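Participant: Protein sequence lines correspond, in order, to chains A and B.
Going letter by letter, the first sequence gives residues 7 to 291 in our numbering.
Going letter by letter, the second sequence gives residues 4 to 254 in our numbering.
Derived by calculation from the structure, the hints in this document are not laboratory data.
Note that the coordinates shown come from a computational prediction; the quantities given were computed from them, not determined experimentally.
Hints may contain errors.
[To be verified] Quick list of in silico lysine-lysine cross-link-like pairs, DSS-like style, CA-CA up to 30 angstroms:
#1 B:191 / A:114
#2 B:232 / B:112
#3 B:55 / B:232
#4 B:112 / A:114
#5 B:191 / B:137
#6 B:191 / B:232
#7 B:112 / A:66
#8 A:66 / A:114
#9 B:24 / B:191
[Said to hold, decoys possible] Pulled from the structure, derived: some chain A residues nowhere near chain B, Cβ distances all over 10 angstroms:
#10 21
#11 50
#12 126
#13 127
#14 166
#15 174
#16 273
#17 274
#18 275
[Unchecked claim] Cβ pair distances, simulated, as ranges:
#19 A:164 / B:140: 50 to 56 angstroms
#20 A:263 / B:133: 42 to 48 angstroms
#21 B:130 / A:259: 57 to 63 angstroms
#22 B:117 / A:15: 44 to 50 angstroms
#23 B:159 / A:263: 43 to 49 angstroms
#24 A:68 / B:132: 38 to 44 angstroms
#25 B:133 / A:157: 41 to 47 angstroms
#26 B:73 / A:56: 23 to 29 angstroms
#27 A:143 / B:23: 38 to 44 angstroms
#28 B:140 / A:205: 44 to 50 angstroms
#29 B:195 / A:266: 53 to 59 angstroms
#30 A:33 / B:189: 36 to 42 angstroms
We put the beta carbon where it would ideally sit given N, CA and C, even for glycine.
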Amino acid sequence: MTVADEAAQYGLHRVGGRPPLGRYLAEVWRRREFIGSLARFRLEAENGRNRLGMAWVVLKPLLNAGVYGLIFGVLLQTRREIDDFVPYLVIGVMMFEYFSTCFTTGAKSITANAALVQSLSFPRMSLPLALVAQRFLQFGPMVVIMLLAAVVSGSRPQPSWLLLIPLVVLFTIFNAGLTLVTARLTVHFRDLTQLLPFISRFFFYTSGIFFSVEARFHDHPTLMRIADFQPIHEFLTLGRAILLSGPQYTMPTEYWWYGTAWAAGMLAFGTLFFWAAEERYGRTD
Amino acid sequence: MAAPTDRKPVVVVDDVHVEYKVFATGKRPTAADSGRRLMQRQRKTRTVHALKGVSFTAYENDSIGVIGTNGSGKSTLMRAIVGLTPTSQGSIYAASRPSLLGVGAALIKDLSGERNVILGGLALGLTLDEVEAKYDDIVEFSGIRDFIELPMRTYSSGMTARLKFAIATARTHEILIVDEALAVGDQKFRNRSEARIREIRDNAGTVFLVSHSMRSIRDTCNRVVWIEKGVLMMDGPTDEVIAAYEDAQSR
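For reference, chain A alone in the conformation it holds in the complex (with noise of 0.2 angstroms):
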């Protein structure tokens, strides 16, 4: 009889085996209270030691946003081709911030937290999951900011704005199926660190936050199609025509189908290919 046949005879298990995904989402879902705690409180340390605390949480956005409505709006000219400038601008910002945070910190869930992945044993899911919900938690008072910017410059509160509910939350499920590729993809390459800045950086040059696309390429064709199905311009698209009354807001029905399927797409993908490397996360070498 080998040790195996004798282990199972006692009811042992193999240590240190990947759970089917079945059984691993189920220990997931039951560390939930696990996750929301650590987002909440790591929201709470990030900002405990300074003067204005939680503030920054919206200040730091709308000072982006101060900054490149000026540079753009006013020096570049870009609110020209745009209504309502100003809650144009604040929309994007505000959502492109809540990508932006996710898949550049969030990348480092499981690279920074090292000493917890090695000491206690969790589904390691956990992490980024953490991390996307602390996003989540702190692009609330961002939520609020741009309803201000939209009642400001005259739309006026209706019940289409309710749409805004499925659209952060598919917004939310794109940007956690993201966040679990970026997660692993560090484990295996860490310069990835180094380059997601830029590439977060080409997003918001390319989405239309403080340009139109419609706008500018209105007879570029390939370039319009093309931007119909980048899913930070859906987002930000469907964004703007909630909130936003006028010509230039009529809402594009179609992003709403393309939006689920990004959103739907990134998070199955993004699961399957966290789950896949779950054993490698606590390694050092």
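Given the coordinates of chain A, assemble chain B onto it according to the supplied hints.
Facilitator: This is chain B only, laid out in the frame that chain A set:
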């Protein structure tokens, strides 16, 4: 191995080898050959054979001391049992997932002790309700109730260690691995923590204690495994193995 068959085995370590591949960075590169060295670094790996075929079986209610000189492979073996270090050969079987005693990495220095008790408990796999139920016990055991609402960064190292130990032992572990955690705090706290370890063992648990303190191993363990350079040197009753170990050390 002459093992009593009437007791239930809890952990079976079967011919375990662990090899690490590490980058041997070697000499610091000079400006002239830095470009070349950068490319070469990929190939310069060294294999460290940390464990060379270790086998033993741990039974219910065993408390096993693990001894050996620095770098002998004790911690590697423990990490392999927990499943954090993959074995390159051989396998390890366990009745339930063994856990390392240690929760320090989950805590956040900028938060109060209170928040950290909650976070640490959740990190160990407790639910929020369970943490709340045990909260008073944890704080009581750590003995820092007066400072619990202060951020952890203001604690002394002894206070931090006590809080960590109190959180880590709040969960009942079936198989617990303690890596030199008993040497924290003052004498009074040390006695209490040793008592806590014995309590865990008595609750039908199995405890591995990695330590250089022969006193705490004598006080808590009924069996000792001695590892030297990745090889199991001896496995037997505490007094016999410690005597042989100390004999080898003084030579």
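Participant: Determine for every hint whether it applies to the structure shown.
Facilitator: Here is what the structure says about each hint:
| no. | hint | in the structure |
| --- | --- | --- |
| 1 | B:191 / A:114 | 41 angstroms, violated |
| 2 | B:232 / B:112 | 36 angstroms, violated |
| 3 | B:55 / B:232 | 8 angstroms, holds |
| 4 | B:112 / A:114 | 19 angstroms, holds |
| 5 | B:191 / B:137 | 22 angstroms, holds |
| 6 | B:191 / B:232 | 35 angstroms, violated |
| 7 | B:112 / A:66 | 24 angstroms, holds |
| 8 | A:66 / A:114 | 21 angstroms, holds |
| 9 | B:24 / B:191 | 43 angstroms, violated |
| 10 | 21 | 4 angstroms, violated |
| 11 | 50 | 7 angstroms, violated |
| 12 | 126 | 6 angstroms, violated |
| 13 | 127 | 6 angstroms, violated |
| 14 | 166 | 37 angstroms, holds |
| 15 | 174 | 25 angstroms, holds |
| 16 | 273 | 24 angstroms, holds |
| 17 | 274 | 27 angstroms, holds |
| 18 | 275 | 25 angstroms, holds |
| 19 | A:164 / B:140: 50 to 56 angstroms | 53 angstroms, holds |
| 20 | A:263 / B:133: 42 to 48 angstroms | 44 angstroms, holds |
| 21 | B:130 / A:259: 57 to 63 angstroms | 43 angstroms, violated |
| 22 | B:117 / A:15: 44 to 50 angstroms | 46 angstroms, holds |
| 23 | B:159 / A:263: 43 to 49 angstroms | 59 angstroms, violated |
| 24 | A:68 / B:132: 38 to 44 angstroms | 39 angstroms, holds |
| 25 | B:133 / A:157: 41 to 47 angstroms | 45 angstroms, holds |
| 26 | B:73 / A:56: 23 to 29 angstroms | 43 angstroms, violated |
| 27 | A:143 / B:23: 38 to 44 angstroms | 39 angstroms, holds |
| 28 | B:140 / A:205: 44 to 50 angstroms | 48 angstroms, holds |
| 29 | B:195 / A:266: 53 to 59 angstroms | 57 angstroms, holds |
| 30 | A:33 / B:189: 36 to 42 angstroms | 39 angstroms, holds |
Violated hints, listed in ascending order, are 1, 2, 6, 9, 10, 11, 12, 13, 21, 23, 26; each of the other numbered hints is respected by the structure.
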